[in-house]
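> Each chain, letter by letter, is given below.
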Amino acid sequence: MLTYYFDLALRSLKRNRALTALMVLAIALGIGASMTTLTVLHVLSGDPLPGRSGSIYYPQLDPLDMKDYTPGIEPPEQLTWTDGMYLLHSKRATRQALMTGGMVPLQPTQSSIDPFQAVALYTSTDFFPMFGVPFQYGTGWSEAEDNGKARVVVITSALNDKLFGGKNSVGQILRLQESAFRIVGVLGDWHPNPHFYEWYMGRYASDEDVYLPLTTSRDLLMEHDGSTDCWGNGGGDPDHLETNNCTWLQFWVQLDSPASAAAYRDFLMHYSQDQRTAGRFMRPPNIRLRTMMQWLDYIKVVPSDTVLQTWLALGFLAVCLINTVGLMLAKFMRRSGELSVRRALGASQRAVFGQLLMESGVIGIAGGLSGWMLALLGLWLVRQQPANYAKLAHMDVTMLLMTFALAVSASLLAGLLPAWRACRITPALQLKGN
Amino acid sequence: MDVLPIVASLRKHRIPTLLIVLEIALACAVLCNAVFMISRRVGDIYLPNAIDEQGITTIKLQGTDPKLAASDIPRNIAALRTIAGVQEAAVTSSVPLSHNNWGWSFGLTPDTSLSDQHRTNVTLYFLGEGAEKALGLQLREGRFFNAAEYADSTIGTAALPSTHVVIVTETVAKQFWPGQSALGKTFYSKPDYFTVIGVVADVLRPFVATENEEKSYYSTYYPVAPDPALRNYILRSAPADRDRILKEAVQKLQELNPAAVVTGATYDSTRRKYFANTNSMVWTLVLVCLVMLAVTAFGIVGLTSFWVGQRRRQIGIRRAVGATRGDILRYFRTENFLLSTVGVIIGMGLAFAINLYLMQHYEISRMPWYYLPGGAAALWLLGQLAVLGPAMRAAAVPPVVATQAA
Numbered sequence: 001m002l003t004y005y006f007d008l009a010l011r012s013l014k015r016n017r018a019l020t021a022l023m024v025l026a027i028a029l030g031i032g033a034s035m036t037t038l039t040v041l042h043v044l045s046g047d048p049l050p051g052r053s054g055s056i057y058y059p060q061l062d063p064l065d066m067k068d069y070t071p072g073i074e075p076p077e078q079l080t081w082t083d084g085m086y087l088l089h090s091k092r093a094t095r096q097a098l099m100t101g102g103m104v105p106l107q108p109t110q111s112s113i114d115p116f117q118a119v120a121l122y123t124s125t126d127f128f129p130m131f132g133v134p135f136q137y138g139t140g141w142s143e144a145e146d147n148g149k150a151r152v153v154v155i156t157s158a159l160n161d162k163l164f165g166g167k168n169s170v171g172q173i174l175r176l177q178e179s180a181f182r183i184v185g186v187l188g189d190w191h192p193n194p195h196f197y198e199w200y201m202g203r204y205a206s207d208e209d210v211y212l213p214l215t216t217s218r219d220l221l222m223e224h225d226g227s228t229d230c231w232g233n234g235g236g237d238p239d240h241l242e243t244n245n246c247t248w249l250q251f252w253v254q255l256d257s258p259a260s261a262a263a264y265r266d267f268l269m270h271y272s273q274d275q276r277t278a279g280r281f282m283r284p285p286n287i288r289l290r291t292m293m294q295w296l297d298y299i300k301v302v303p304s305d306t307v308l309q310t311w312l313a314l315g316f317l318a319v320c321l322i323n324t325v326g327l328m329l330a331k332f333m334r335r336s337g338e339l340s341v342r343r344a345l346g347a348s349q350r351a352v353f354g355q356l357l358m359e360s361g362v363i364g365i366a367g368g369l370s371g372w373m374l375a376l377l378g379l380w381l382v383r384q385q386p387a388n389y390a391k392l393a394h395m396d397v398t399m400l401l402m403t404f405a406l407a408v409s410a411s412l413l414a415g416l417l418p419a420w421r422a423c424r425i426t427p428a429l430q431l432k433g434n
Numbered sequence: 001m002d003v004l005p006i007v008a009s010l011r012k013h014r015i016p017t018l019l020i021v022l023e024i025a026l027a028c029a030v031l032c033n034a035v036f037m038i039s040r041r042v043g044d045i046y047l048p049n050a051i052d053e054q055g056i057t058t059i060k061l062q063g064t065d066p067k068l069a070a071s072d073i074p075r076n077i078a079a080l081r082t083i084a085g086v087q088e089a090a091v092t093s094s095v096p097l098s099h100n101n102w103g104w105s106f107g108l109t110p111d112t113s114l115s116d117q118h119r120t121n122v123t124l125y126f127l128g129e130g131a132e133k134a135l136g137l138q139l140r141e142g143r144f145f146n147a148a149e150y151a152d153s154t155i156g157t158a159a160l161p162s163t164h165v166v167i168v169t170e171t172v173a174k175q176f177w178p179g180q181s182a183l184g185k186t187f188y189s190k191p192d193y194f195t196v197i198g199v200v201a202d203v204l205r206p207f208v209a210t211e212n213e214e215k216s217y218y219s220t221y222y223p224v225a226p227d228p229a230l231r232n233y234i235l236r237s238a239p240a241d242r243d244r245i246l247k248e249a250v251q252k253l254q255e256l257n258p259a260a261v262v263t264g265a266t267y268d269s270t271r272r273k274y275f276a277n278t279n280s281m282v283w284t285l286v287l288v289c290l291v292m293l294a295v296t297a298f299g300i301v302g303l304t305s306f307w308v309g310q311r312r313r314q315i316g317i318r319r320a321v322g323a324t325r326g327d328i329l330r331y332f333r334t335e336n337f338l339l340s341t342v343g344v345i346i347g348m349g350l351a352f353a354i355n356l357y358l359m360q361h362y363e364i365s366r367m368p369w370y371y372l373p374g375g376a377a378a379l380w381l382l383g384q385l386a387v388l389g390p391a392m393r394a395a396a397v398p399p400v401v402a403t404q405a406a
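Chains as they are written, first to last, in the UniProt record's numbering: chain U, 1 to 434; chain G, 1 to 406.
One should not assume that every hint holds.
[As the list claims (entries may be wrong)] Cross-link-like lysine-lysine pairs, in silico, DSS-like; alpha carbons within 25 Å at most:
hint, chain 1, residue 1, chain 2, residue 2
1, U, LYS391, G, LYS273
2, G, LYS60, G, LYS133
3, G, LYS60, U, LYS162
4, G, LYS273, G, LYS247
5, U, LYS149, G, LYS60
6, G, LYS190, U, LYS300
7, G, LYS252, G, LYS67
8, U, LYS91, U, LYS149
9, U, LYS67, G, LYS190
10, U, LYS162, G, LYS247
11, U, LYS300, G, LYS247
12, G, LYS174, G, LYS185
13, U, LYS300, U, LYS162
14, G, LYS215, U, LYS67
[Said to hold, decoys possible] Here are the simulated distance ranges between beta carbons:
hint, chain 1, residue 1, chain 2, residue 2, range
15, U, GLY337, G, ALA8, 22 to 28 Å
16, U, VAL408, G, HIS99, 41 to 47 Å
17, U, GLY54, G, THR120, 42 to 48 Å
What the hints contain is simulated information worked out from the structure, not anything from laboratory work.
Yeah, the Cβ is synthetic: ideal placement off N, Cα and C, and Gly gets one too.
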């Protein structure tokens with residue numbers, strides 16, 4: 001029966017090619033535009049550490065003075081050196097790491113490569129195990145090396161390819177800002193997106209080149225980039241960031257159960273209270289402990305242009321769908337003579353309805369297929385864009401399935417109303433008219 | 001033209017009528033908002049910037065020994081001046097639209113501290129001697145810095161330079177001292193203070209403040225003796241020489257500073273790079289608008305054609321009893337005008353609501369009122385154009401149809 005309906009649908013669609021093409025094109029354009037933007041949105045709002053992100057938290061404290069204070073105000077995004085180091089050394093979480101980004105001049109020993117600015121992350125030992133960072137060669141550095149301000153460095157595989165032709169470079173010397181560093185590890189394939197742990201240097205596709213101990217970077221007064229927010233009479237003097245009233249460090253912890261998260265929250269409360277009693281903090285305890293995904297949501301990691309484009313595309317899809325409903329309705333109603341004859345000859349309302357719905361379903365599938373191809377073209381266009389997230393725009397299986405679900409359900413929905421209207425024709429009335 | 005018969009006929013086709021109205025309303029709402037976004041972004045791309053944008057080449061030097069800055073910088077500048085075609089060479093801390101911002105907040109009273117309210121955050125550009133000429137700053141009032149002011153000012157590890165003179169843009173002068181001359185006036189950030197000796201035409205900051213054009217021009221200039229903070233070498237030349245000068249200058253600076261990281265670009269390309277994203281967003285929006293209008297137009301053509309087909313007999317009868325072709329044509333055009341009118345009225349309301357929603361959730365400002373009638377007019381026009389084809393076909397229906405069986 002379905003093949004018969006399908007055959008009927010094809011015959012009917014062939015009878016009016018221009019109209020059919022118009023309906024398919026409208027659906028295809030709507031689906032293509034929405035799927036392109038939805039895929040970009042899906043990629044950009046993805047989970048950077050699937051399976052792990054649920055137990056990663058971002059603690060915040062509020063060391064500011066009473067200026068501009070209102071209850072419920074959000075604490076600063078980053079920590080001061082004093083607070084960050086205290087939380088790091090307290091070790092109240094399973095793992096914890098303190099970090100900030102920067103640019104370091106890298107002077108290759110190979111004369112064939114000019115010196116260049118390497119993107120660096122200054123952090124502490126737990127960074128690698130906490131985020132499950134894979135290593136191609138070697139490992140991270142130890143806590144003793146953190147405390148000893150050791151000249152050790154972990155490099156990415158891309159940098160290893162560039163400088164050492166991809167060979168095991170552990171133990172080799174790397175010159176950074178005129179100092180010799182010993183390479184202890186080479187990272188494997190690791191590109192978390194969004195770049196959640198350090199978002200000031202770039203939120204997407206912004207892999208570092210080198211990782212080295214935060215303590216070492218301060219010892220050598222390496223350039224700290226990103227954001228430094230000061231208050232009171234604190235200046236942003238980059239050489240004395242340890243003692244200034246400035247927040248400039250990001251701190252992440254791993255807490256494996258809700259109970260340990262609650263305990264950590266208490267710990268932050270007590271610390272804030274103690275600091276206030278001691279006169280260092282002015283404000284009442286004002287802390288946050290967001291999970292990684294809550295944090296990404298809070299800092300609005302997805303560019304607002306992307307969200308706006310998605311809204312625009314969905315509006316466009318709505319216009320296309322209404323358009324298709326109108327055209328389909330026009331087409332079905334035009335055949336009311338034919339339909340009433342068939343009803344009079346004994347076709348049930350259900351059968352007519354099914355046949356008409358099949359017709360709209362065929363248009364939906366054709367529109368979906370073309371829409372999918374348009375979306376692939378759209379994503380290719382997005383990848384040619386200059387934005388840093390552009391090259392991440394690829395369609396995955398989820399989005400592929402969603403495209404078809406969207407296409408078929410959209411056009412069935414678009415066919416439902418016209419088919420229902422058309423199958424309710426009273427045969428007698430129409431026949432009399434003829 | 002009598003409207004009532006048209007309304008009566010539309011009431012018989014409630015669903016298609018509703019659909020056309022809805023489609024026009026949605027298209028109008030999306031169009032108004034998209035065009036508004038486009039115009040804001042195009043405005044950003046063409047923001048004026050009173051430096052010699054076409055003649056400047058910048059070269060950034062990083063990773064040099066900070067202790068040697070005092071001797072390195074004059075040596076580097078001297079070397080750059082020997083390149084053929086270089087008219088001026090100097091150093092600055094940053095250039096407009098480079099993303100590299102050093103900001104500070106100042107107030108108008110001597111006891112203004114950093115955390116006071118009523119302070120204004122401005123960009124600090126530190127200039128080495130001669131940088132005003134290399135950049136091509138345009139003096140509007142007062143004077144540029146003299147040699148002594150350049151020589152006496154240092155930064156060291158402080159956040160602000162030790163000088164007490166400043167040159168501001170016209171927008172800064174207007175923001176701090178509206179309606180007065182800024183010359184000789186002082187702004188403060190305890191314990192520092194700076195007195196205005198010159199006002200220059202508006203120059204952009206290292207970033208553009210979206211949705212607040214004024215703030216994009218909060219730039220201030222300070223003289224500084226050779227200092228590690230002065231990393232950008234500014235070369236001025238004829239536009240035709242820029243590419244060659246860029247190549248030679250990068251090579252020369254790399255030879256003089258083997259351990260340094262040298263990166264160069266013409267200012268023109270720096271500006272283009274800054275707005276590249278904006279540019280591509282504009283084209284996406286334009287494309288979506290055009291396609292949406294095309295789809296709407298085809299929808300109107302399709303539905304009207306259907307109505308014309310359905311009413312062939314009635315049209316024939318009307319023609320037979322004396323209606324002219326013009327009457328039939330006018331009938332369909334009036335019908336479309338009525339539908340469009342209802343559509344755009346709803347659409348304008350919807351556009352306004354969408355704008356309010358976007359204002360709450362994203363960095364979007366209020367849409368000026370004239371976008372609404374503008375979008376409405378566009379859809380009216382589109383409707384009239386789209387209906388023309390089917391209406392002409394209707395007008396061509398011969399009166400004899402009335403006598404034929406359907």
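> For every hint, state whether the structure bears it out.
Going through the hints against the structure:
| no. | hint | result |
| --- | --- | --- |
| 1 | U:LYS391 - G:LYS273 | 17 Å, holds |
| 2 | G:LYS60 - G:LYS133 | 18 Å, holds |
| 3 | G:LYS60 - U:LYS162 | 23 Å, holds |
| 4 | G:LYS273 - G:LYS247 | 19 Å, holds |
| 5 | U:LYS149 - G:LYS60 | 30 Å, violated |
| 6 | G:LYS190 - U:LYS300 | 35 Å, violated |
| 7 | G:LYS252 - G:LYS67 | 21 Å, holds |
| 8 | U:LYS91 - U:LYS149 | 19 Å, holds |
| 9 | U:LYS67 - G:LYS190 | 17 Å, holds |
| 10 | U:LYS162 - G:LYS247 | 24 Å, holds |
| 11 | U:LYS300 - G:LYS247 | 40 Å, violated |
| 12 | G:LYS174 - G:LYS185 | 12 Å, holds |
| 13 | U:LYS300 - U:LYS162 | 34 Å, violated |
| 14 | G:LYS215 - U:LYS67 | 24 Å, holds |
| 15 | U:GLY337 - G:ALA8: 22 to 28 Å | 24 Å, holds |
| 16 | U:VAL408 - G:HIS99: 41 to 47 Å | 45 Å, holds |
| 17 | U:GLY54 - G:THR120: 42 to 48 Å | 44 Å, holds |
Against the hints set out earlier in the document, violations occur for numbers 5, 6, 11 and 13.
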